[in-house]
Amino acid sequence: MNLQMTLLAGFAILFVGAIVAWAVGGRHPGWLRAIGLAAILAAAACFGTVSIHVLLATATTTAGGTAVAPAAALHLILWQPSLVPAALSIRVDALSAFFLLVISGLSAAAAWFAVGYTRGMAHPARFYPPLLLFVFGMAGVVVLDDFLFFFVPWEFMAFASYLLVVSHREQAGSLAAGFRYFFVTHAGTLAALFGIALLAGAGGGSFGFGSLAASMPALLAGRPGLAHVALLLILLGFLVKAGCYPFGMWWLPAAHPAAPSPASALLSGAMIKLGLYGILRVFFEIVPVGPWSLAWGLAIAGFGTVSLFAGTVTALFQHDSKRLLAWSSIGQVGYMLLGFGLALGLAASHPGLAAVALIGGLFHLLNHACFKGLLFLGAGSFELATGERDLDRLGGLGAVVPFASVAAVVASASIAGLPPFNGFSSKWLLYHASIWGSEGSQVAFLFFGIVSLFISAVTLAVFVEYLGSTVWGPPSPEVVRAARPREVPWTGPAQLVLAAACLVLGLLPVAGAWLSYLAAQPIGVAFGSPAFASLLGPGPLVMEVRDGATVVGTWSPLVVTALLGAAFGIALAIRHSAGASRRRTAAWACGAVVEIEQLRFKARHYYTPFKALLRPLVAPALPSAWLAAARQLRPSPRVVTATLNPDGWAYGPMVSGLLSAFRWLSASKVGLPQVYPAWNLIGLVLSFVVLFLLWG
Amino acid sequence: MTDPMVLLLAAPFAGAAILYASRGRAQRALAIALPAFYLVLGAAVVVRARWHFPVQAPLFSLPWLDDAGAFTLRLDPLSSILLLVVLIVGLLVMAFSTRYMGPGNREHPIQDGEGNHRYYAFLSLFIGAMVGVSLAGNLLVLFLFWECTTICSWVLISHYVHQAASVRAGFKALVMTHLGGVFLVIAIGVLFGLTGEFSFGSIARLEPGPQAVVFVCLLIAASAKSAQVPLFTWLPDAMEAPTPVSAYLHAAAMVKAGVYLMARVILDTATFPHWAGALMAALALVTMLVGLVFYFYQDDLKRFLAYSSIAQLGYMMLGLSLFMLGSKTGYVAGVFHLACHSVAKALLFLCVGLMAMRLGVRSISQISGLWSRMPITAACFFIGVLAVTGIPPFSCFWSKLTLVVGIMELKGAAMPLIAVPYYLEVVLAFFWFLKVGQRLLFGEPSPSVLAIAPDGPAEGTAFANAVLVTLAGLTVAMPLIVYPFVRSL
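As they're listed, the protein sequences go chains X and Z.
Using the working numbering, the first residue of the first sequence is number 1, and each one after it goes up by one.
Using the working numbering, the first residue of the second sequence is number 1001, and each one after it goes up by one.
Hints are computed from structural coordinates only; laboratory data are not their basis.
For clarity, every value in this text was computed on a predicted model and none was experimentally measured.
Don't take each hint at face value.
[Stated by the list, open to error] Incomplete in silico selection of chain Z near chain X, CB under 8 Å:
#: 1; residue: L1144
#: 2; residue: C1148
#: 3; residue: A1419
#: 4; residue: F1430
#: 5; residue: L1434
#: 6; residue: G1443
#: 7; residue: S1446
#: 8; residue: R1487
[To be verified] Stretch-level coverage of chain Z by chain X, calculated; a stretch enters the list once three of its residues show a Cβ under 8 Å from a Cβ in chain X:
#: 9; segment: 1133-1140
#: 10; segment: 1219-1225
#: 11; segment: 1289-1298
Virtual Cβ for every residue (Gly too), placed ideally from N, Cα, C.
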């Protein structure tokens, strides 16, 4: 079976699987789970094979050399309609392969987890068919080579994920969340579609990526205003899907908690990345580097910085576990956008650092897929075990769900950027790019870098709060009541695999950076196509950031880990040699007798002074106040219909006027009825006489 | 040997007579069999003509009008699209009617088939009239069948003759659409007087002044028929008609005649000036926005759908107008949308019909959570919502996508002036449709819904649901069916 057939087989398996799962329905939940798992694993295997093959092919064409051969890609044209200048063509280049790898890996983990998770669901039949279609849509988005057909799987994906969001529809707020999600992202999608169609229409070419890219320089030179308006529409449209603040706040914190946890993991771990995929394709592949790159770079990085600040800070205030994670996703998307914005802004002045920033953004995307997917699965485990998502009512879960707790600790360390976990490596690249690249007009990048450094600390605070109120501490009454769930063989292992990925990518950051470097090949031509070794260091174990020939930073996670481990060992040894014993005793409450529950340190007790300071900066999570205001503005039906309905002010008066005119005329008709025909006859004759005189 | 096109035209008229005479079970069987026969015949005609468009056939001749090429039929890709839409939806609507027009209908129970012979006969007559409109070889023939549809519409809207509102609504529709017919006569008169011909193409030979008069008259005629501003107020009132009639006449077929007229004239003339396109686009945009505002004030599901039809017809007119503004793609999108919208809106109307039939109400505030009692109907309604608002893979997604491409091909200020209101309409229509669809499908079951037996096979529900499922399938298939014709426009 060749590669193209493998790819198409992946799609076919998902589609047929969805239909079969739908036909099986809720009558046989066991079969349903088996079908769902088998379909996703098989499809993930297909997609994974294709993407690994393409990435390896890209690696061989770029290995060692400084010049990059045309990126290896799988290309297949399925249909060429004559109606519109577009083609249903599939092209898997390294960037697509990278995203395909993220999607297939994460969906396999989520599907594995779901086998255990759906045992706690009342209606697994609502979950599996849309899940398969959702994966189908996501994979479809990244393999298409045409920006018109791009929107077909894109909207299909939105529809399928909407069904996932409303699958717990008995719960309050679930439908509202689904509605919000579908509507807001649809509005964004249309904006992006309009922008793309504007570029294609004004450029006069087709919707193919290559054709759009070819027509772009002339368009930017000839009609710059129009081109930049179109680009702005595209950027805003994709930012909505990416969940960037403030657009993301309108749907993301509502939709992610409402969905079942495996779906949340995919929504946050994979789907919102596709908005970034669209931005990468447009701003790095279609738009050439030019004087506008700095402005667009600043705009994207600015959006990213606002997003990472607002998202992470708002996450601090959340008491719902999945809502906290959702806000944190808004923040993390900001890091990726910061990377892409830096890459765009530095492309002209510091191509090397720009490439590092792009690699850093993509690497962070990969890392975020691992740790945020993991965190959502963990929140699902906690919910499965206790039925609770309220952080104030959780605590001490470490003993109840050990695998999930270990995984949550790893994921939290990763997202907070603690070395040696993977989040550190990618953020480290971003800091370097922002700091070394800022000079002259680009000094804003330095500011962005400083904000992101500060926010990294806030992220740590958020996840200390998260871990402190879920995994650590004394168990809450809810946790005590909870039955001890079995994590093996489904929910636990799925999380441990992702946790291992976080650790491996953290200890061997060059592996992740190398993957990101390969992914950047098709879109990074503008950076002069530097070899990997000239950007990020000498070997597989040590990562060095280079700006030109100078090494500006070195990161050797294995050495640092060894040192940290040694320090930890020394500390243990000192403690052991001191012979101090641990003493377990009840908490001291100044002598007062209180319940243990009242002494428990809950999520809302963390960082109260800091939160009080930040409170004014946190926007209302949902624009419900605006909606209420809009409702007030809605004029009464009578006013609107009376104005817009011409029956009342045009036709009605006209008809009654006509009727009264007829009545007035008919008043002349008095006397014998036989007389009227006589009058008519006389009138007719007279008319003929007049006509005859005129034309005769 | 009679030409098959003439046979196709004659069949529904003969069928009307048969249906008028039949009663009881035979009537119900015939009401399905006859339109199925028309569809087979129509499909055969289209497939036979497929490789040598356009096909012409003389209908009959009057010696004193033969110079004008008076009574001919013609089949080309454009007429094939309307023909297929009319026949396919016609069959499904007639089949649905056999269950709807019965004693089991809680909204309008019909005992002993009272008035049904008139109902079916006029539906069949209407199919014939629409076949005539689509096959018309020139404006004169088109006008004859055009007025025929007006009369059928009047009779069918007023079907519940004991209700004053129905009779009034029927009369209103008759007066307003007939007013459009008057302008059509004026246009034909000017054309015949100046060129001595009735053919669509002869408009191209007129001087600019008379051509403008003809264009404006045709636009008014089409606006009245397709419920565009300012003559749109008859359509919401026409919702007094039996729901299958609303589905067919006022969503899928008759209102499309106005769009078809403009499409036909624009395609065959192809020389209308820029301002004509601007005028038509402006009217279409105003219609879309007026329809949009009215969405938010409707509680009656049928009136809601009627305003949506008005706005969607505005999309089609907008698409057609783009031809004059320089985008052929936009024109094609308008015609494509005609077909895509027909199945989607017919599906929505028939779903509402079935809901009203079983629940006895059709107000948005009184129906929610249908999934618990009528899952198939509710799911079909939701598919209709997705199809009308344009979510892939359902029908209107494809036509709206094409329309966006067409709009973006425009040059100058026209593009933003059209694109911005269009964006607004699409987004806000999606907002309201999704809200209604979600409530009906997933919401908390309302008392009216809880009152009916769960999965209780009410009279004819299974068959009616089968019709709905077929239509839901067509929302996916229709773009594929009409694509070959749309492509060769």
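Each hint tested on the structure:
1. The interface hint given for L1144(Z) is violated, since its Cβ lies 27 Å from the closest Cβ of chain X, which is over the 8 Å cut-off.
2. Annotation: C1148(Z) was flagged as interfacial toward chain X, and the flag is violated, the nearest CB pair being 25 Å apart, outside 8 Å.
3. At its closest, the beta carbon of A1419(Z) sits 6 Å from a beta carbon of chain X; the interface hint therefore holds under the 8 Å criterion.
4. Interface hint at F1430(Z): satisfied, since its Cβ lies 6 Å from the closest Cβ of chain X, which is below the 8 Å cut-off.
5. A cut of 8 Å between beta carbons decides the hint on L1434(Z): the least distance to chain X is about 6 Å, and the hint holds.
6. Hint status for G1443(Z): holds, given a least beta-carbon distance of 7 Å to chain X, under 8 Å.
7. For S1446(Z), the shortest C-beta to C-beta distance to chain X is roughly 14 Å, which exceeds 8 Å, and the interface hint is violated.
8. Of the supplied interface hints, the one on R1487(Z) holds, with its beta-carbon coming within about 5 Å of a beta-carbon of chain X, less than 8 Å.
9. Coverage of the segment 1133-1140 of chain Z by chain X is violated in this model, with 0 residues showing a Cβ closer than 8 Å to a Cβ of that chain against a need of three.
10. Proximity of the segment 1219-1225 of chain Z to chain X, defined as three or more residues with a beta carbon under 8 Å from a beta carbon of that chain, is not established by the 0 residues found.
11. With a threshold of 8 Å between beta carbons, the proposed coverage of the segment 1289-1298 of chain Z by chain X holds, since 5 of its residues qualify and at least three are required.
The structure fails hints 1, 2, 7, 9 and 10 (numbered hints given earlier, in ascending order).
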